[in-house]
Amino acid sequence: MKGWMGKTKLFFVFTLLAFFLAGCGMENLTALDPKGYGAEKSMDLIILSTLIMVGVFIVVMLIYVIVLIRFRRKKDQEDHVPKQVEGNHKLEVIWTVIPIILVLIIAVPTVLATFDLADDSKAEELINVNVKGNQYWWHFEYPGEEIQTSQDLYIPTGERVYLHMLSSDVIHSFWVPSISGKMDVNAENVNTMYIEAHEEGVYWGKCAELCGPSHSLMDFKVIAVSPEEYDQWVNDMQNVDPDAEPENAVAQEGQELFEAKNCMGCHATDSAATGIEAGKINAPVGPNLTNFGSRSNVAGVLEHDKEHLVDWLLDPESIKPGNKMTGQYDELSQEEAESIAEYLLQLQPSEITPESAGN
Amino acid sequence: MSMTSAQKSGFGATLWDWLTTVDHKKIGILYLAGGGFFFLLGGLEAVIIRIQLISPENNFISAGLYNEMITMHGTTMIFLAAMPILLGLMNFIMPLQIGARDVAFPFLNSLGFWLFLFGGLLLNLSWFTGAPDAGWTNYAPLSIQSPGHGIDFYVMGLQLSGAGTLMGGINFIVTIVLMRAPGMTYMRMPLFTWTTFVASILILFAFPALTVGLFLMMFDRMFGSAFFDAALGGNAVIWQHLFWIFGHPEVYILILPVFGVFSEVFPTFAKKRLFGYTAMVFATFLIAFLGFMVWAHHMFTVGLGPVANSIFAVATMAIAVPTGIKIFNWLFTLWGGSIKINSAMLWSLAFIPSFTIGGMTGVMLASAVADYQYHDTYFVIGHFHYVIVGGTVFGILAGLHYWWPKMFGRYLNEVLGQISFWTFFIGFHLTFFIQHFLGLMGMPRRYWVFLENQGLDTGNLISSIGAFFMSFGVIVFLINIIYTTIKGKKAPGDAWGSGRTLEWTISSPPVHYNFKQLPLVRGLDPLWIEKMEGNEKMTPAEPVDEIHMPNGSILPFIMTIGFTIASYGFIYQTGNKYWLIAVFAGMAIALICMLIRSLKDDHGHHISKEELERVGD
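In the order they appear, the protein sequences are chains A and B. All residue numbers for the first sequence refer to the working numbering, where the first residue is 1 and numbers rise by one. All residue numbers for the second sequence refer to the working numbering, where the first residue is 1001 and numbers rise by one.
Calculated from the structure, these hints are not laboratory results. Positions of the beta carbon are idealized from the N, C-alpha and C atoms, including for glycine. Just to be clear, a hint being listed does not mean it is correct.
[To be verified] Pairs of lysine to aspartate or glutamate residues, derived as EDC-like cross-links and limited to a Cα-Cα distance of at most 16 Å, are as follows: (1) Lys1489/B to Glu1414/B; (2) Lys1340/B to Asp76/A; (3) Lys1340/B to Asp79/A; (4) Lys1340/B to Glu78/A; (5) Lys1531/B to Asp79/A; (6) Lys1490/B to Glu1414/B; (7) Lys1609/B to Glu1542/B; (8) Lys261/A to Glu336/A.
[Claimed, not checked] Estimated spans, in silico, between C-beta atoms of each pair: (9) Leu1478/B to Ile94/A: 39 to 47 Å; (10) Arg1597/B to Ile66/A: 51 to 59 Å; (11) Ser1055/B to Ile66/A: 41 to 49 Å.
Required output: the full structure, derived from the provided sequences and hints.
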């Protein structure tokens, strides 16, 4: 029997595999390559605790391997009776005290970081965003700027942005792994967290609390642009003319259909809707489409092009099971859907788009 | 009674015997069989989950069915597989270890088993009309808003089986306090008995929190209350608190008994007494005590604020200390021993590195800010499978291999045992190690699909391949059981030759009254003491005399059927009030059974001295 040999080899393979995979993970999604303040804080603790724990593991495995090599029963020892040891006070004190010290080494920075990330004393001076989680999309209001958007959250790099989060239905959880750890979005109370991105980029956000059949499709993006670009974006969004006529004829037809098919009942195309104020978190019935033409994805997960948008309009249920849009509007023909898609995709009030974030 | 009917052959008599039995050994076997059945169901669900996640944007099952699958996998494995199998081992072994002839409340023991079984069956009936789909944690408001009756089945099924578990817990506590053989002081009890005792205390205090939560959930869903409805002034976070006040101790209910198993297996196969027995006992208590102080570490991201998060983070880390004490004590039990490696020992030895990894990630998770990243991702999935599979399942399998000869009189086959060990062990690490990284790479748990081009493909594929290895291991173990039952090698009383505790002093399998004469216990590891002094047998603590044993009864079974009918009625009366008939009829059946039980005297039966002498040993 070479039990322990097989086991060590196995662990060696696993460790190699682990390092290989640790290097992977998609940029701007993985938590292993932090690009924001919260994610860095978490990563520091992850590294610290991993190092200590690997140390403990090595000690345990060392004793384990020695035991299995030295104290296996040999053929001629069948009747050998080992000394019956009751215990050893010195040893027991050692393996009680050392773990306590190790735990303290992890506990102190943990407590410090916990209070650091919960600090909202400066919230009023900085950018605040009201976040509303809905089955299965996200809404973002900027009460200071009096604008709103859905699915793509624009923030300036290098600044703390405070998020005040509430759910309109079940619990969701706001998670942008590369920028920050997650926080739950409850229906009964507003949770506040802040995010800060160090560099420009389109960061993947995920819902991390089971919220129904399409839980795994409730993706969103945080688009971090330079402070100048952010100011321009805010300015553009504040000055949208919702009644502007599209230039091309198909899109004009789409605009008419958008009204005729009652899309407007749920979807606004005006960013500066009324009723946005601090401390009061609203959400429209459906995502705000003001800058839909500049979205990074259709419905959060599909590629952003006309073909996918038409698919979505014709049968949202097949893409996001359990969504609240299915069945809320008269059936569309292929042509009608294409016209509406044409109209929606030309809604680009700002030059600041996901491309501005560099990727 | 039960003995005479067992002697009659014929299917009807055998069935009647098992339905009415109050023998702790038979109930133990029933628990093992019931738990084993649900383990296979839960395993099947796990394989379906892993097939769905074998490639990105897979469409093997629909989103709704996927959520049902994960919910049922978790619920089944925790409530209907792991815990009942442990209760089965406790039921069979613990009374033997303390030198008792049965548990304190044999009738209650039988009722507890049937409630568990029918609770589990009721829950699984939901597959026909739509299973629960809000995760095994069943968070409100998702669970409140879930359409159909799935969640109702969850609530009623767990309420039934939970009541059964609570009865089991109380029963074990009383048994250990009152029924130890002469000389068996507390500090001479085997570690498995100790951990049974402590786990039972945990059951006693933890399950009521679940019961309350389930009742509130039941009233919200069936009778229009609004405990968890924020719109009507309720609060859904309360459910999370109630669930985890139960749920965290539950983790220790699952792990402490197998700590006991390992503390029996290591000394037996190292031929050396448990190192630091006193420290082991106190560490067990400390883990149990701290286990009630840490529930909110499941809720770091709920928004409880930095004070609560810090307190619960530090409290959680503290549990690492007594757990570490245990690991080192086991290692030093082996140190200097004469180690014989067989299947039981393989599972136990494999537990040490596997569980250490699970414990390490546990400390990592306790760091609240780091948890903001881990929480609700595959990192957590990896962590708790390392603890529950690498701890509880390995422990169960070690315990089964170790005590199989005692329970059934035959050794499990060694070759098949090692095949199933190695495939399961390799599969386990393949499946779950990679999941830590998947989580950090941005894969939340309970995801029906993961998207293409997000760097998650390889990890998920490896994980799914591992699941097939594990399945293979389980199938080989099943074959082993069948093979052993037919052709297994017969085992003597002291099946391993180096047994130390009282269960090895009696025949394999034991007679239904266990001990012809109660043994006199002269210290820790009583059999070992006698062996070292050259005695072949235990010194009896009493002369051969009449033995008083409880009678079997069909009442627990009928009572359970009554409760099950009533539960079914509760679930469906929301739609159609005629179902209330089922509620009343079912409750009437149960109450009548209780009445009969209360009014009809049953003094049990006696095994005469002559019969005992005829049987010999």
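(request) May I ask you to test the hint 39 to 47 Å on the CB atoms belonging to Leu1478/B and Ile94/A? (result) 44 Å, holds
(request) Take the C-alpha atoms of Lys1609/B and Glu1542/B, compute the straight-line distance between them, and say whether it is at most 16 Å. (result) With Cα atoms ~13 Å apart, Lys1609/B and Glu1542/B stay inside 16 Å; holds.
(message) Can you confirm whether the C-alpha distance between Lys1489/B and Glu1414/B stays at or below 16 Å?
(response) 10 Å, holds
(request) With a cut-off of 16 Å on the C-alpha distance, tell me whether Lys261/A and Glu336/A pass. (result) 10 Å, holds
(message) Checking one constraint from the list: CA of Lys1531/B to CA of Asp79/A, max 16 Å. Satisfied?
(response) 13 Å, holds
(message) Check the hint pairing Lys1490/B with Glu1414/B against an upper bound of 16 Å on the C-alpha distance.
(response) 13 Å, holds
(request) Starting from the hint 51 to 59 Å, judge whether the C-beta atoms of Arg1597/B and Ile66/A obey it. (result) Since Arg1597/B and Ile66/A have Cβ atoms about 58 Å apart, the given range 51 to 59 Å holds.
(message) Need the status of pair Lys1340/B, Asp79/A: alpha-carbon distance at most 16 Å?
(response) 12 Å, holds
(message) The hint says 41 to 49 Å between Ser1055/B and Ile66/A; measuring C-beta to C-beta, is that right?
(response) Given about 43 Å between the Cβ atoms, the range holds.
(message) Just to be careful, I want the Cα atoms of Lys1340/B and Glu78/A compared with a cutoff of 16 Å; is the pair within it?
(response) At roughly 9 Å apart (the allowed maximum being 16 Å), Glu78/A and Lys1340/B satisfy the hint.
(message) Can you confirm whether the C-alpha distance between Lys1340/B and Asp76/A stays at or below 16 Å?
(response) Holds: Lys1340/B and Asp76/A sit about 13 Å apart, inside 16 Å.
Checked against the numbered hints listed earlier, the structure breaks none of them; every hint is satisfied.
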